[in-house]
Amino acid sequence: MQEDGFSNNVTLQEEPATTLNTTPKNVSKAMHLDHFFVVLNKLAILGMMFCIFSVVGQVIAYLAAGIAFFVYIIFMFSATVLTLGLALTSPEFREMWGYVKDFSSHTEKINEFFNYVMAALPYVSGIALVISIVSIVGLSLNKHYRHPVRIVMAGISCVVAAISLIFILAGGAK
Amino acid sequence: MNTLTFKLMNPKENTWIKFDDVEVKPQKDKGGHNIYSIKTDKQKIDVTLYKYLEVNSPFYILWQIFFFIISLFGIFNKRLEKNCVVLKYHATINLENDTTVIARINTNYKEQTALSLETTAQVVEHENQRMIDKQAKKRLKILKVIKICLWLALIAFMIIMIVNR
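Residue numbers (the working numbering), protein chains in the order written: chain A, 1 to 174; chain B, 1 to 165.
Here chain A stands alone, though its shape is the one from the complex (with noise of 0.2 Å):
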């Protein structure tokens, strides 16, 4: 021991020791089961980032279906509108439009065009489910993320396509 108060007294070693002691099972056991739990955490945080990563897919799987729906729903009126705009501005329709401004009490003019809008429903109707059938289609398509709003996206489309349909046989009917 120095004044100064470091142990000086130590015993060097001339050369490095080729092999050294087994490692006493206890010890050995406590180091594999501390490598075990080291493995087991990483696999653990692996486990936890593909969760999230699925909850984020999962969110932006919800806003790409909210988005499609919502283009579609744009769709569905753009088509109503145009396909409704062109049968009305058809020279059919003036004609008809005339007759109604000339002498509105004729019923059975007021019938004709009732029955010119009607004619114009399989058109609004065809449109309509060519672009459900494209919906259905669209949203059907991102099958990794099976979920029901999903799958009620899906349903609503398939309501709509098939309201459409009915509108179609009732247009054909007639």
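Hints listed in this document are in silico derivations from the structure and should not be mistaken for laboratory results.
Treat the hints with care, as some may be off.
Stated by the list, open to error - Pair ranges (Cβ atoms, derived): (1) B/46 to A/43: 39 to 47 Å; (2) B/9 to A/63: 48 to 56 Å; (3) B/108 to A/22: 23 to 31 Å; (4) B/137 to A/36: 18 to 26 Å; (5) A/73 to B/161: 43 to 51 Å; (6) A/40 to B/21: 27 to 35 Å; (7) A/36 to B/41: 34 to 42 Å; (8) B/46 to A/36: 13 to 21 Å; (9) A/42 to B/94: 23 to 31 Å.
As the list claims (entries may be wrong) - Under the rule of at most 30 Å between Cα atoms (straight-line distance), these lysine-lysine pairs were calculated in the DSSO-like manner: (10) A/42 to B/110; (11) B/147 to A/42; (12) B/12 to A/29; (13) B/44 to B/78; (14) A/25 to B/18; (15) B/39 to A/25; (16) B/138 to B/78; (17) B/25 to B/12; (18) B/25 to B/141; (19) A/29 to B/82; (20) A/29 to B/138; (21) B/78 to B/39.
Built from N, CA and C at the ideal position, the CB exists for glycine as well.
Position chain B relative to chain A; hints supplied.
Frame of chain A; chain B shown alone:
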């Protein structure tokens, strides 16, 4: 009643310290140092510090292959110490009323002593060695070869699976 406060400044992984052959649970201070507080009626206390290597454990090949496989072929495995440094320290500390010992594990590769002590108490060091275990280094090389072989086997297996499809 004598009190020993043994402060290990830079605790290392797989380092085992015993006081009179008894493991004492350390308390960590803010700096991350391990503080061992021992109260004893004895006038002397034996301190032993050993740093072991995982590759020196029995059935090391089997254990390492097991860890290699469960860690998805080493991707999430714990790294084994490459330098294979082992420490052996054994000393007897003469206790006074309150004895404080500050110990540092030598990390310099030129050092051949395991610990440097700073204390006013009288210390008799029986053993203080810092060594490189060459046998452990050999074992690490063997493990490396085994891991490469396992990777090759995995790649071959995957190729066979893909081709057979």
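To see whether the hints hold, each was checked on the structure:
Look at residue 46 of chain B against residue 43 of chain A: about 41 Å separates their beta carbons, and that is inside 39 to 47 Å. At roughly 54 Å, the beta-carbon separation of residue 9 of chain B and residue 63 of chain A lies within the given 48 to 56 Å, and the hint holds. Between residue 108 of chain B and residue 22 of chain A the Cβ separation comes to about 27 Å, which falls inside the hinted range of 23 to 31 Å. Range check, residue 137 of chain B to residue 36 of chain A: Cβ separation about 24 Å, and the 18 to 26 Å hint holds.
At about 47 Å, the beta-carbon gap between residue 73 of chain A and residue 161 of chain B stays in the expected band of 43 to 51 Å. Taken as a hint, the range 27 to 35 Å holds for the pair residue 40 of chain A and residue 21 of chain B, whose Cβ atoms sit roughly 32 Å apart. Range check, residue 36 of chain A to residue 41 of chain B: about 40 Å between beta-carbon atoms, so the 34 to 42 Å window is met. For the pair residue 46 of chain B and residue 36 of chain A, the supplied restraint of 13 to 21 Å is violated, since their beta-carbon distance comes to about 32 Å.
Evaluation of the 23 to 31 Å hint for residue 42 of chain A and residue 94 of chain B yields a failure: the beta carbon distance comes to about 46 Å. This hinted pair does not check out: residue 42 of chain A and residue 110 of chain B have alpha carbons roughly 34 Å apart, beyond 30 Å. For the hint linking residue 147 of chain B to residue 42 of chain A, the alpha-carbon distance of about 19 Å falls within 30 Å, and the restraint holds. Pair hint residue 12 of chain B plus residue 29 of chain A holds up; C-alpha atoms about 18 Å apart against a cutoff of 30 Å.
Using a Cα cut-off of 30 Å, the hinted pair residue 44 of chain B and residue 78 of chain B is violated, with the two alpha carbons roughly 39 Å apart. Distance check on the hinted pair: residue 25 of chain A and residue 18 of chain B sit about 16 Å apart at the alpha-carbon level, within 30 Å; holds. Proposed proximity of residue 39 of chain B and residue 25 of chain A is supported: the alpha carbons are some 29 Å apart, at most 30 Å. At most 30 Å may separate the alpha-carbon atoms for a hinted pair to count; residue 138 of chain B and residue 78 of chain B meet this at roughly 19 Å.
With a CA separation close to 15 Å, the supplied pair residue 25 of chain B and residue 12 of chain B stays within the 30 Å bound. Restraint check for residue 25 of chain B and residue 141 of chain B: not satisfied, since their Cα atoms lie roughly 35 Å apart, outside the 30 Å limit. Using a Cα cut-off of 30 Å, the hinted pair residue 29 of chain A and residue 82 of chain B holds, with the two alpha carbons roughly 20 Å apart. This hinted pair checks out: residue 29 of chain A and residue 138 of chain B have alpha carbons roughly 22 Å apart, not beyond 30 Å.
A C-alpha spacing of about 37 Å is found between residue 78 of chain B and residue 39 of chain B, which places the hinted pair above 30 Å, so the restraint is violated.
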